[in-house]
Structures are given as structure tokens and as C-alpha cells.
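Visitor: Read off the chains here:
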Amino acid sequence: MTSTATITDRATGRRAGPEPVVSFRKVSKNYGAVRAVADLDLELYPGETVALLGPNGAGKSSTLDLLLGLRNADTGSVSLFGTSPQRAIEQGKVGAMLQSGGLMTGVKVRELVKLASDLHPGGYPVEQIMDAAGITEIADRMVDKLSGGQEQRVRFALATAGANDLIVLDEPTTGMDVSSRQTFWGTMRAQARQGRTVLFATHYLEEADEVADRVIVLHRGRVLADGTAAEIKARAGARRVVFDLDGPVDRGVLRGLPHLTSLEVSGRTVRIQSGDADATMHAVYGLGLYPRNLEVAGLGLEQAFIAITDAATAEEAAR
Amino acid sequence: MTTLIKLEIVRALRNKKFMFFSVIYPPALYLIIAGGADSKPIPGMKLNMSLYFMVAMAAFGAMTAVLIGNSEAIAKEREKGWVRQLRLTALPGRGYVAAKMGSAATVSLPSIVLVMLVAATVKGVRLEAWQWIAILVATWLGSFVFAALGVAIGYLATGDAVRPIAMMIYFVLAFLGGLWMPLTILPQWVQNIAEWLPTHAYAALGTAIEGGHAPDVKDLAILAGYLLVFAGGAGWLYRKDTRTA
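Residue numbers (this note's numbering), protein chains in the order written: chain A, 1 to 319; chain B, 1001 to 1245.
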């Protein structure tokens, strides 16, 4: 399980131009004995909306910290826009929203947004930023008095205020309700359409599925899968097959089915994930079994994600 | 960058509690220390207690407001993650330090003015007009040195450690700089060390003006040197700080 899907620029259908926005080369980062990021190679291209997925401790936050120059890599190199993360940030090319990023206290929302806009060359007008982030009605409120969701929207406003070429978001919609979440992604799509690169870490898989045109799955600091949501789903075993059997179920026999990626038996109900459902079912009939209540369905990204990371964990345990 | 400086000043003015105590404390202390003093000159000096302590307490008050206030506020902002967020903007390191010094100076100015007012009205201190103005300006500008030190301390220490560290530096500097008592009553070797401290040079600006002449070039150079080191260090720490506070 080391192959990764080919990276192509979804907008043009070809491998994007020579200048990547973000480039990780053989980057490793350890915290004591814990390997947070291991030999990571990664490139992001202009206009891509990229979701960074991974279970807790997969190295998402560490990867973002390295990308933003908040931590230094032990080995390897990280570059943004062909220069160091710090230089790129000082040049105003990056807008970021971190989970750990707090807000200035003792100021009004409007004052803080104005600050974020003024700090970047070519920042958007304050009213426009607040409108896009849906915080116009709380503009005169003190930052200290905001609810969790409002605070999150203000942070989002700060991340987009600078009209930056690269926007980095760590779990951006945590604490937002459904409608703010929609507004949020609407704004992000508009940013991407203008040629900006958006990178976000999330554990809402449906968001990655709907919003990102490229999904990177991290596991123990490595890239486990990299491609469109559809490619990742295909990779995990495209189909989920469920059926009931009349007689007693022989797991040993079922385990020998072709293209099987996972098998689960409860009572007489069999749940299978398969890379080729047609071939698998053909073999089931070939065994002389008679499946009833047959259902075949595509995997969601969430199941694909679980399948991929489980397989990787099992593989590592077997080693 | 100017937006941040303005915003930091607005914030400082809004924090009424901190403002009140920072402004009230130095003149109150002045009255306690110099309150019962006579007008005899201090041994080894040409100035009497009222004059000496007007400058010393103005300096001490300004230093309290900027050093303690800044270091704690910054450590708190680091903990909350605001500084981390700010570091992801195009703001240069010097911008952050300048903004923090600006807000500190907003608090220190009224405390200096108040000590001088109390000295003039209650203790009957009389000086030439140019001396009043020169002392005010010198003490105010001198407070920038300690504002920068406050930023640097806020960066070096975290959480619970900030207050004791800031306090320790502050007490040692205040005592050895002669802000609490004239150094002439201390042993010579202490005086020899004290001469090179920023607090000593700071108070010396005011006492020189009270004596009717311009501040010593050596004191100005010492202060400028410390300002450079503290501000440079603070700016460097702001950018280089790759630890999570």
C-alpha cells in the first residue's frame, strides 16, 4: 500500500505548471521518540482546494505547523512560493487559521478585521470581509464576548482578509452551525476560483468529499493516499456488498473470495468490501452459495478512509 | 503596522483598572517615601529628598507600568494563541515590538505627569519651566527601554513563571538603580555595578536636569544600548519563537 494516485491539476486536466505553491521534500519531524512526520513529499499547485485527512495523531497539525514555519523540520525542506515559509508569510502570501490561534482581546470585531486587512498588502475592504464571513451584525461587539461559533467566523475572516495566494485552515468549521458552514465553503470556493490555493485539515469527511478537488490521507506522518475523492474511494475497494446466507457461514471460504478488502459476518449476514464486486459475486455463486437480499453500493469517502487507514495499521502490525 | 500600534493604544486606554492602578501607584508611593522628608540635601548629592524622589518615583512608576504590564500581557497573549496567529500575518517582528511599546507608553505618560504634579503641589518642588518639560520628556522616552525589556521577558517566560521572573528583574533593577533610595548611601562596589544598569542611567537623566544641566552622554549611551538590545532581542524572539506557548 505505498502507491499513490497521480496528482493532476483538476482545472486544466494536466500536471500543473512548474511552480508549486507548497513543496515538502523528504520532510521528517520527531517529538522525542514519536515520529510525527516521516519522509513526507508533497506538492500543492495554484488553484487547488486540498483536504488533509487523517485519524488523530496522523500528523495533520504537525504538517501544517511545518508548512507555516511554526516548527522547523528535523530533516528535509519545506518551501512556499519557492522561498522559506517565513519569507512567504512576511511577503503577505499566506492567510492562515489555526485551531490554536487565539484572538486579540479588548477590541471590537471590526477593529480586528481592519487590522488583519491592513497587515497584508492588498487586503480586502473591511465591510466586504465581514460580509463574506457573515459577521457584519456582530461588528461592534467585543471579541471577548463572542460565542464559539462567532469566534470561529471571526478567525475565518482574519484568514481571508489579506487576499492571500495560499489559505491554510486547520479544522475550520469546528463549532459552526450548518448555515455558517455553507457560507464558509461558499466563500472558500470563490477564493479558489480566483486562483488561490486552499489547504484545509478536517475530520468532517463529507466536507472533504464535497469541497476538495484533491484529498490527501495522512497516516503516521506519511501520505497514504493522494487523489480526488472518487479515486480514494475506488482505491479503498469500490463497492460494499451485503447479503444473507441460508445455511451456516464458513468464514474461511469467504475469505478466499477474489478482490476482497474486508469481510464482516454477523449471524447469517455477510458484509463485504470489494475492489471488483462483479468478480467477487461471481465467485460467491461459483461456490454454490445462494445469497439472499443482495445489496451492492458504492463506498462513501468516510468508509474508504477507514478502510485505507485500517489496512495500513494492519499492515504495520503484521510487519 | 500603524493600525496595530493604534489598536494597542486603544486597548490600553480601555483597560481602565490597569490604567487606574498604574497611574495612582507611583504618586502614592512618592508621598509615602518623600512625604516626611526635610529639605536638607542627601549626603553625597546636591539634591534633597523631594527632588530626588520625584525623578526616582516617576521613573519607577513608568517602569512598573511598562515592564510588569507588558511582560504579563504578552505571556497571556502567547498562551491564548493570539501571537501565533499574528505571526502568520505579514507583520514584521519590529511591528509587534513597536505596538507593545506604544501601548506601554500610553500608560506610563500619565503616571509620570501625576508624580510631577504631586511633587509640585504637595511637596512644593520648584523648577524652571524647561526643567519640568525636559524631565517629563526624558522620563517618558526612557520608559521605552523597559517596555522593550517587558516584551522580551514576555517572550522568554511562559505562564506562571512570567510574574516571578518579571518581578525579580524589576526589583533588582529598581533597587540597584537607586529608584528606592539614593545609591550614595550604599557601599562603593554596589555603586560601581549600579552605574551600568539601565535604571541608574534612567534616573540619572532626571537628576541631571534637576541639577540644571543636560543628561550625561554616558547615561544616554547606556540607555540607547539597552534599548537596542532589548528591542532587538524582543523582535528576534517574536519571529524565531517556534515553540508553542
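Worth flagging that the hints you see were computed from the coordinates, not collected in a lab. Some hints could be false.
To be verified - Sample of chain A residues with no beta-carbon within 10 Å of chain B, all distances over it, derived:
{"hint": "1", "residue": "P20"}
{"hint": "2", "residue": "K26"}
{"hint": "3", "residue": "V34"}
{"hint": "4", "residue": "L98"}
{"hint": "5", "residue": "E111"}
{"hint": "6", "residue": "K145"}
{"hint": "7", "residue": "G162"}
{"hint": "8", "residue": "T228"}
{"hint": "9", "residue": "G256"}
Claimed, not checked - Each computed DMTMM-like pair below joins lysine to aspartate or glutamate, with the alpha-carbon atoms no more than 20 Å apart:
{"hint": "10", "chain 1": "B", "residue 1": "K1017", "chain 2": "A", "residue 2": "D144"}
{"hint": "11", "chain 1": "B", "residue 1": "K1076", "chain 2": "A", "residue 2": "D144"}
{"hint": "12", "chain 1": "B", "residue 1": "K1016", "chain 2": "B", "residue 2": "E1072"}
{"hint": "13", "chain 1": "B", "residue 1": "K1240", "chain 2": "A", "residue 2": "D74"}
{"hint": "14", "chain 1": "A", "residue 1": "K108", "chain 2": "A", "residue 2": "E151"}
{"hint": "15", "chain 1": "B", "residue 1": "K1016", "chain 2": "A", "residue 2": "E111"}
To be verified - Stretches of chain B that chain A covers, calculated by requiring three or more beta carbons in the stretch to come under 8 Å of a beta carbon on chain A:
{"hint": "16", "segment": "1064-1071"}
{"hint": "17", "segment": "1226-1237"}
Keep in mind it's a predicted model, so treat the numbers as computed, not measured. Each residue gets a CB set at the ideal place from its N, CA and C atoms; glycine is no exception.
Visitor: Each hint: holds or not?
Guide: Results of checking the hints against the structure:
1. P20: At about 20 Å from chain B, P20 of chain A clears the 10 Å cut-off, so the statement holds.
2. K26: holds, 20 Å
3. V34: holds, 15 Å
4. L98: violated, 7 Å
5. E111: violated, 6 Å
6. K145: At roughly 13 Å from the nearest Cβ of chain B, K145 of chain A sits farther out than 10 Å, so the non-interface label holds.
7. G162: G162 of chain A not clear of chain B: closest Cβ-Cβ about 7 Å, inside 10 Å.
8. T228: At roughly 29 Å from the nearest Cβ of chain B, T228 of chain A sits farther out than 10 Å, so the non-interface label holds.
9. G256: holds, 50 Å
10. B:K1017 / A:D144: Satisfied, since the Cα-Cα distance of roughly 17 Å is no more than 20 Å.
11. B:K1076 / A:D144: Given that 20 Å is the threshold and the Cα spacing comes to 14 Å, the pair holds.
12. B:K1016 / B:E1072: Given that 20 Å is the threshold and the Cα spacing comes to 16 Å, the pair holds.
13. B:K1240 / A:D74: holds, 16 Å
14. A:K108 / A:E151: Holds - the C-alpha atoms of E151 of chain A and K108 of chain A are around 12 Å apart, at most 20 Å.
15. B:K1016 / A:E111: It holds: about 19 Å lies between the C-alpha atoms, which stays within 20 Å.
16. 1064-1071: Since three or more residues must qualify, the claim that chain A covers the segment 1064-1071 of chain B is violated, with 0 doing so at under 8 Å.
17. 1226-1237: violated (count 0)
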